[in-house]
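Read top to bottom, the protein sequences are chains C and F. Mind the numbering: the first sequence is residues 2 to 116 in our numbering, read in order. Mind the numbering: the second sequence is residues 86 to 983 in our numbering, read in order.
Just so you know, the hints here were simulated from the structure itself, not pulled from any lab data. Hints should not be assumed to be uniformly reliable.
To be verified - Below, in silico cross-link-like pairs of lysine to any residue (SDA-like), each with a Cα-Cα straight-line distance of 25 Å or less:
hint : chain 1 : residue 1 : chain 2 : residue 2
1    : C       : Lys88     : C       : Arg76
2    : C       : Lys77     : F       : Arg126
3    : F       : Lys631    : F       : Gly834
4    : F       : Lys209    : F       : Asn428
5    : F       : Lys209    : F       : Ile113
6    : F       : Lys149    : C       : Arg76
7    : C       : Lys77     : F       : Gly143
8    : F       : Lys209    : F       : Gly505
9    : F       : Lys149    : C       : Arg36
10   : C       : Lys77     : F       : Ala131
Stated by the list, open to error - Some chain F residues judged to face chain C by a derived CB distance under 7 Å, without partners named:
hint : residue
11   : Arg90
12   : Ser94
13   : Gly143
14   : Arg151
15   : Tyr152
16   : Ser163
17   : Asp167
18   : Ala171
19   : Arg823
What the hints assert, rightly or not - For each label pair, taking beta carbons as the anchor points, the in silico distance ranges come out as:
hint : chain 1 : residue 1 : chain 2 : residue 2 : range
20   : C       : Arg100    : F       : Arg476    : 32 to 42 Å
21   : F       : Arg102    : C       : Gly75     : 40 to 50 Å
22   : F       : Leu140    : C       : Ala106    : 58 to 68 Å
23   : C       : Gly75     : F       : Leu550    : 51 to 61 Å
24   : F       : Leu538    : C       : Ile105    : 54 to 64 Å
25   : F       : Ser130    : C       : Ala109    : 28 to 38 Å
26   : C       : Ala109    : F       : Glu104    : 21 to 31 Å
27   : F       : Leu550    : C       : Phe108    : 38 to 48 Å
28   : F       : Glu104    : C       : Phe108    : 46 to 56 Å
29   : F       : Ser163    : C       : Thr84     : 27 to 37 Å
30   : F       : Gln147    : C       : Ala109    : 31 to 41 Å
31   : F       : Leu140    : C       : Ala109    : 41 to 51 Å
32   : F       : Arg153    : C       : Trp69     : 37 to 47 Å
33   : C       : Ala106    : F       : Leu550    : 55 to 65 Å
A virtual CB, placed ideally from N, CA and C, is assigned to each residue, including glycine.
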Amino acid sequence: MNDEKSDILNGTLALMTLRTIDVLGPIHGYAIARRIEQVSQGVLAMNQGTLYPMLLSLQQAGWIASKWGVSDTGRKVKFYSITKAGKKQLAAETENWHRISSVIARFADPKGNLS
Amino acid sequence: MTRIRTLLSRVLAVFGRAEIEVEMNEEIRSHVEELEEDYRRSGLSAQEAHRRAVLAFGGIEQVKERYRDRYRLPALDSVLQDLVFAARMLVKHPGFTVTAIVTLALGIGGNTAIFSIVNAVLLKPAPFPDPDRVVMFMTTGPGTQVSITSPARFQYLRTLSTIQDVAAFRMGDTGVLTYTVGTATESLHRAAVSAEYFKLFEVPIVQGRGFSREEDLPNGPKVVLISYNLWARRFASDPNIIGETLQLSGEPYVVIGIVGPTFDASEFGPVPEVWTAFQLDPNSTDQGQSLQAAGRLKPGITLEEAKEEFKKAAADYRQAFPNALLHGVGFSVEPIQQALVGNARDTLLVLSGAVSLVLLIACANVANLLLMRATSRTREIAIRAVLGAGRGRMIRQLLTETVLLSLAGGSLGILFGIWGMRTLLSVNAAGLPRVGVDGTLVDLDWRVLGFTLFISLGTGMVFGLIPGLQASRSDLNPSLKESGRGMGATLKQNYFRSMLVVAEIALSVTLLIGSSLFIRAQLALSAVDSGFQTTNVLTMRMYVTKQRSQHTAEVAEVVNEGIDRIRSLPGVVDVAATSSLPLQLAPGGPFRIIGRPLVSGPFHGGALWTSISSGYFQVFRIPIKRGRAFTDRDDASAPPVVIINESMAKQYWTKGDDPLNARILIAKGFAKQFDDEPERQIVGIIGDIRDRALSLEPGPSMYVPQAQVPDAVTARGANNFPITWVIRGNVAPLSLSRAVQEQLRQVAGQPLSEIQTMDNVVSSSISRQRFNTLLMTVFACLALALAAIGIYGLMAYSVEQRTPEIGIRLALGAEAAEIRRIIMFQGMRLVVFGIVIGVPLAFNLTKFIQGFLFGVEPRDPITFVTIPVLVSVTALLAVWLPARRASRTCPLDALRYE
C-alpha cells in the first residue's frame, strides 16, 4: 500500500471513526466498522482490520477512551467512547474538512469558475 | 501536546506489553468472529464464512504488526534489544566476560577505595553549618604553618575586625577526666572549650545551656556539659540531671547542659563526653603554644581579607610583645577543613594519581580484549552490515556491551573498594584526619556512588568506542570472503593493540618505580638507628587526679612508689616515668645560657623538653656520652639540674667551651607556668636519639628530673602530658601488663590507658608511610600483573592468528627455536618500547613524591635499573608461553587450519 494514500485515507477514516463514536458511543470496533460501511454505502471499501491500529492511535492521543464489555452476541469486546479532548478535536477536524471539501468541490465543479 | 501524550503512553506501554498483546488478540478475534457469524447468518457455509471474514478484515497478521508498531517505542525498543543481545553475548563468552569484569573491578575498585577516603577526608563538609566560613588560627613559619597558638596570641587576635565568635579549644588530644561512682572509676574524654565554642560550631544543646562569660574566666565556677550519649549511658537519661554535681577527677562539677546527639565531633578525634570551660586569662602573656582557636568570618569578609589582617597583626604583635615571636613567625587563618586535613592532602593526591594509572592500564587491557574479540567478530559484524545494520546502530550495539561490562565491573568494584578500604583502615588508619576510629567514617555515600558510576560509564565509553569504531569501519568484502577464524586482523588493528600494550608497560614501569621508591624509603626508615632500644619495652599512660597534679611533690610520690613496686615484679629489668615518649608529641621550649650575652631576643635557642624519672635512659638504653644520668637524689631539695643531648651541645657550645660547666634557664618569661623555673646546671650529655620522628635528624633536646619541675608546669601538663610509664622486661612486654597495672592501681587508684609496646609506638609513628607504601605496592603489583596479562594476551592471539604461517615455516624446515625467537622478539620489542617510554616518564614524575621519601633519592639509580629488569623478566615469561606454543605447532595441523 502506498504510504501517502494511506495517510489521507487514515485522516478521513479517523474523522469518520471519531464522528461515529461521538454519535453512537460507547460502541465496539465491529459496530464502528459496520456503521462506516453503512454510511458510505459501500463506496468506501476498507479492510476492517485497519480500524484497530487507528483506534489505538486515537486512544494514545487521548481523544477516545475504551472499556471492556460484552457485545450483543455475548463476545468480550472493547467499547469506545469519545473524550472531551476528542470532541474538541472532532469539531476542529470537521470544520477543517468542510473548508477543504468546499475548496475541492469548487475545483471539481465542471461549471466552476476558477478566476 | 498530543504528541507528548502519545509518546508517554508508548513509554508506559513498555511495562505492560504482554497485557497489550493479549488485549489486541482478544479484540481482533472477537471482531473476526462477529464477521464470521454475520456471514454465516447470511447463509454461507462455515468454511466460506471464515474465508470471507478473514478477507474482509484484511490480513490479521499485518494488522497486528501495524498495531504493534503504534504502541511500541522504536528507540527504547532497540535499546532493550541491544541490552538483551549484549547480555547474551557476554554470557556466551564467560572466559572473556569474567576476565574483563574482574580487570575492571580491580581498576574501578581501587579508585573507589581511594576516592572514598578522599571523600571522607577532603570533600565531605564538616559537620556544622557553613564550615567554609569557619577559619582556624594558624602560626606560620618559613614554608610551614600549624593550627596551634598561644593564650597570649589568642587573646590578642580574637579582637581582630574580620572575624567573630572566636573560640579556643583543643581538638583531638582532649585529655580525660575520671568519673568515680562508688569503687568504679571511668575515664571520660574531655574537651576544654571557651564559651564561644557552642556558638561558633552551632552546637545543639538539647537541655540547659553553654558556658557564660563569667564561667569561662580563670577560677570561675566548675561547670560541665555532658554528651547525650553519656547522659543516656550513665544517668539513664535522668531529666533532672541539670544542676546535679558530678565528681570528676576528684572535683565537683555542676552539670549545666546536655549536648545533642546530632553534634558529631568524631572526625576531630576522640568524641568528647564532657565539655569543661577553658577559663583562659584575658590578660595572659603566656606564649606557650598550647591551644587551637577558630572564628567565623564576619559577613561580607573574604578569606583573603582575613589573612591580610592576621598578617598585619603579626607585625603589631611584635611591637606589643617584643621577643614573643621568633624570627620569621607570623599569623594567618585557614578554612578549618583545610587546617585539619593538613598534609593528608598530599598523600591522597599521590595515591589518587597512582590508582588512576591502574585504571588506565585496566582499560587498555579490556580494550585489547575487545579488539581481539572484535577481530573474531568481523564476520558477524560484516554480515549484520550486509543485512542493513547502520554503522551508528552497530557502534551502539558494541557500546551497549562495553557499558554493560563496565557497569558490572563497577558494581563488583564498589564491593572490592569499600571492603578493601575498611579492612585496610581498621588495620592501619595511618593517622588520617576525619576518617574516624579505624576509618569508620569512610562511607559509601552518594558522592562515592556517583564517582564510581561516572568512572564506570566513562571507562565503558572509552574502551568501547575505539574497538567499536574500528570494527564497524572494516571493509565488508574481505571479511566475508575469509574463513570465519578472523585472519582479517588488519595490520592497523595489530598496530593499535601493540600500542595499547606498550602504554600498559610504560605505565606499570612508572608505577613500579614509584612504589619501589616508597619501599626503599620504608626499608631505610626501618633500618635507621633511632638511638634508643625498643624491644621488650612496655608503655602506658596514667592521668593523676586534678588535686594531686597541682603539686610536683605529690606526683613525684606516685612516680617513686610506682617505680619501686614495678621494679620488684618478676620479669622487670628497668622502669621509669616520663612526660612523653620518644616519637610522640613533646613540648618544646626556649632557653637562655646563663652568663652568655644575648644576641637577639631573650633566649639563645630552643629545644624539646621532657621531664623524666631517674632510670629513663637506662630503660631505652640511651648512652650517656659525658657527665652523669639523673639519680634518685636529684629531687626537689637538690640543686636543679638538666641533661642535654649531643645535638644541643654541638649546636650551642663551641669547642673548648664545656656545656657541663654551663647553666641554662628554660622558658622563663615565655610561658607563664615557667615563672618559677630555676637556673639549672647541665650535668650530663646523652647520645642523640630520633625523638621527633624516625625520618628527622635529631635536634636539640633537654631533660629535667620530674621531681624538679615547677608546680605550675606539672599542673598545666597533667592533661596533655600525663605520667607515661616505661618498663623494660626480659619477657614479652605485654605479659607484664596485668601485674604492672595492678601495682599502679594500688598506688594511685587511677585507670591506665594506651597500654602498648614501644615497638608499637615506633610503628604507629610511621603508619602513614606504611599505609602509602602498602597501597603503592598493591597498585604497582596490580599494574604489573595487568600489563603481563595484556602482553600475554596479545602474543597468544597473534600466535593463534599466525598458526598457518608458522605451519608453513615449519614445514619448509624452520627450526622450533627459530620460531620461538621470532615470537619472543616480536613481544619483547613492545616491552622495550614500553620501558623506553616509562622510564623517562617516571624520571619526571617521581619529583612529586619526593616529600614522602626518606633515605632514597627520587631518581635513585638502583630503582631505575632494577625495575626495568624486573618488568622485562616478567614480560619475558608472559611472552615465552605463547612463543613455546608457537614452536610446538604441528605443521600438519596448522596447514589443515586453512
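Hint check results:
1. Distance restraint check for Lys88(C) and Arg76(C): the Cα-Cα separation of roughly 28 Å exceeds the 25 Å cut-off, and the hinted pair is therefore not satisfied.
2. Distance check on the hinted pair: Lys77(C) and Arg126(F) sit about 20 Å apart at the alpha-carbon level, within 25 Å; holds.
3. Proposed proximity of Lys631(F) and Gly834(F) is supported: the alpha carbons are some 13 Å apart, at most 25 Å.
4. About 17 Å separates the Cα atoms of Lys209(F) and Asn428(F), which keeps this hinted pair within 25 Å; it holds.
5. Annotation: proposed proximity of Lys209(F) to Ile113(F) is violated, straight-line Cα distance about 61 Å (limit 25 Å).
6. For the hint pairing Lys149(F) with Arg76(C), the CA-to-CA distance comes to about 20 Å; that is within 25 Å, so the pair holds.
7. Distance hint between Lys77(C) and Gly143(F) is fulfilled; the C-alpha atoms sit about 21 Å from each other, no more than 25 Å.
8. A distance of roughly 20 Å separates the Cα atoms of Lys209(F) and Gly505(F); the hinted pair therefore holds under the 25 Å criterion.
9. This hinted pair checks out: Lys149(F) and Arg36(C) have alpha carbons roughly 22 Å apart, not beyond 25 Å.
10. With a CA separation close to 21 Å, the supplied pair Lys77(C) and Ala131(F) stays within the 25 Å bound.
11. For the restraint placing Arg90(F) at the interface with chain C, the shortest Cβ-Cβ distance is roughly 5 Å, inside the 7 Å limit, so the hint holds.
12. The interface hint given for Ser94(F) holds, since its Cβ lies 5 Å from the closest Cβ of chain C, which is under the 7 Å cut-off.
13. The interface hint given for Gly143(F) is met, as the beta carbon of that residue sits about 2 Å from the closest beta carbon of chain C, less than 7 Å.
14. With 7 Å as the threshold, the beta carbon of Arg151(F) comes within range of chain C, its nearest partner Cβ sitting at about 4 Å, so the hint holds.
15. Checking Tyr152(F) against chain C: minimum C-beta separation of about 5 Å stays under 7 Å; hint holds.
16. Below 7 Å, beta-carbon pairs count as interface contacts, and Ser163(F) has none with chain C, the closest being about 20 Å; its hint is therefore violated.
17. Violation of the interface hint for Asp167(F) is found here, the shortest Cβ-Cβ separation to chain C being roughly 25 Å, above the 7 Å cut-off.
18. Given the 7 Å rule on beta carbons, the hint for Ala171(F) is violated: about 30 Å separates it from the nearest Cβ of chain C.
19. About 81 Å separates the beta-carbon of Arg823(F) from the nearest beta-carbon of chain C, more than 7 Å, and the hint is not met.
20. Distance hint check for Arg100(C) and Arg476(F): the Cβ-Cβ separation is about 46 Å, which falls outside the suggested range of 32 to 42 Å.
21. With their beta carbons about 29 Å apart, Arg102(F) and Gly75(C) fall outside the hinted range of 40 to 50 Å.
22. Evaluation of the 58 to 68 Å hint for Leu140(F) and Ala106(C) yields a failure: the beta carbon distance comes to about 34 Å.
23. Taking 51 to 61 Å as the suggested C-beta distance range, the pair Gly75(C) and Leu550(F) conforms, at roughly 60 Å.
24. In this structure the hint that Leu538(F) and Ile105(C) lie 54 to 64 Å apart at CB holds, the actual value being about 59 Å.
25. Under the hint 28 to 38 Å, the C-beta atoms of Ser130(F) and Ala109(C), about 44 Å apart, miss the expected range.
26. Between Ala109(C) and Glu104(F), the C-beta spacing of about 47 Å breaks the proposed range 21 to 31 Å.
27. In this structure the hint that Leu550(F) and Phe108(C) lie 38 to 48 Å apart at CB is violated, the actual value being about 57 Å.
28. Our hint of 46 to 56 Å for Glu104(F) and Phe108(C) holds, since their Cβ atoms are close to 48 Å apart.
29. At about 32 Å, the beta-carbon gap between Ser163(F) and Thr84(C) stays in the expected band of 27 to 37 Å.
30. Between Gln147(F) and Ala109(C), the C-beta spacing of about 33 Å keeps the proposed range 31 to 41 Å intact.
31. Taking 41 to 51 Å as the suggested C-beta distance range, the pair Leu140(F) and Ala109(C) does not conform, at roughly 32 Å.
32. Under the hint 37 to 47 Å, the C-beta atoms of Arg153(F) and Trp69(C), about 20 Å apart, miss the expected range.
33. For Ala106(C) and Leu550(F), the hinted distance range of 55 to 65 Å is satisfied, since their beta carbons lie about 59 Å from each other.
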